[in-house]
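Peer 1: Listed below are the residues making up each chain.
2 protein chains.
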Amino acid sequence: MQIREATEADYEKIWPIFHEVASAGETYAYPREVTKNEGKKLWMELPRKTYVVENNEGILGTYYIKTNQAGPGSHVCNCGYMVASSSRGQGIATVMCEHSQKMAVELGYEAMQFNFVASTNEGAVRLWQKLGFGIVGRLPQAFKHPSRGYVDALIMYKWLKT
Amino acid sequence: MQIREATEADYEKIWPIFHEVASAGETYAYPREVTKNEGKKLWMELPRKTYVVENNEGILGTYYIKTNQAGPGSHVCNCGYMVASSSRGQGIATVMCEHSQKMAVELGYEAMQFNFVASTNEGAVRLWQKLGFGIVGRLPQAFKHPSRGYVDALIMYKWLKT
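Chains as they are written, first to last, in full-length UniProt numbering: chain A, 1 to 162; chain B, 1 to 162.
Looking at chain A on its own, in the form it has when it is part of the complex:
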């Protein structure tokens, strides 16, 4: 398993993962009916960097890193991570999150923030906590879950600079 920066050509393999996650509507603040081109803009073009995790069989997961707020907030980054459903349970999210924290520091960021973690995404919340993120905010009923209705969204945050 290796992580490398994504190339434009990788998007053909990233799109099925992105589409699967976004269209499920359970974890990300993307429109469920997002198109392939919109997905490319959101995942590959607007972020500062995009990475893929791959093995001999192909791309297993992907993440982006971007500046979360401009100006007085530009020392804090934001990341998003997606793992192909066929590759879950192998620790790929952990590998990506640890990698992203190193990249963040290399890029000059001092903290990392997740803006909108569905409170129903309990596996992710536990994982981010294990990796050092704290829950610093709770947005009441801010996430409209496709099967569970209005649920809270969490804000998670980790100071990275030592």
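Check the hints yourself; a few may be wrong.
The list cannot tell twin chains apart, which means a pair is met if one copy fits it or any two copies do.
[Claimed, not checked] DMTMM-like, lysine to aspartate or glutamate: derived pairs with alpha carbons at most 20 Å apart:
#1 K66 x E8
#2 K66 x D10
#3 K144 x E110
#4 K158 x E5
#5 K102 x E8
#6 K130 x E5
#7 K158 x E38
#8 K36 x E57
Keep in mind the hints are simulated off the structure, nothing from the lab.
Since chain A is already given, all that's left is putting chain B on it; use the hints.
Peer 2: Just chain B now, kept in the frame of chain A:
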């Protein structure tokens, strides 16, 4: 004093207010060196609607309203308010915030969120609390204040739908 939707021509009068607030770097997550064109994009084009407050003498303040998160978060809006320094202390922010809550409901939003309120902006924090917003999150040292250094940023939130 009246509030109306901003026209493109209003930007000539909005820009001095925007520039004054953004370049101070004390309250908004905009680059302090923001240009006139970038300001137009940020304040007039990316938001869903932009409004101005005016009297016989001209534009006293301005606010925008936009969707805070796409997809499962699209029922929550975000607003930003700016008052000309020469017009402060006249309740203009209150008038704008109350107006924005009505507009938000008319536009179909169910809640309003402020993502990044500098904790040092105590007057604003008190005012939003008075107008029904709760502090739902605190981002440690997420705001780099020009004179006070790293300060916390607050997330404030109000459910609007009755």
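Peer 1: State for each hint whether it applies.
Peer 2: Tested hints:
1. K66 x E8: Close inside one copy (17 Å), not across copies (30 Å); limit 20 Å.
2. K66 x D10: Answer is within; shortest intra-copy Cα gap is 19 Å, inter-copy 32 Å.
3. K144 x E110: between (31 Å within a copy, 11 Å between copies)
4. K158 x E5: Classified as neither: same-chain Cα gap 23 Å, cross-chain 40 Å, threshold 20 Å.
5. K102 x E8: neither (23 Å within a copy, 44 Å between copies)
6. K130 x E5: This pair counts as neither: shortest intra-copy Cα distance 25 Å, inter-copy 47 Å.
7. K158 x E38: Neither. Shortest intra-copy (29 Å) and inter-copy (30 Å) distances fail the 20 Å Cα cut-off.
8. K36 x E57: neither (23 Å within a copy, 49 Å between copies)
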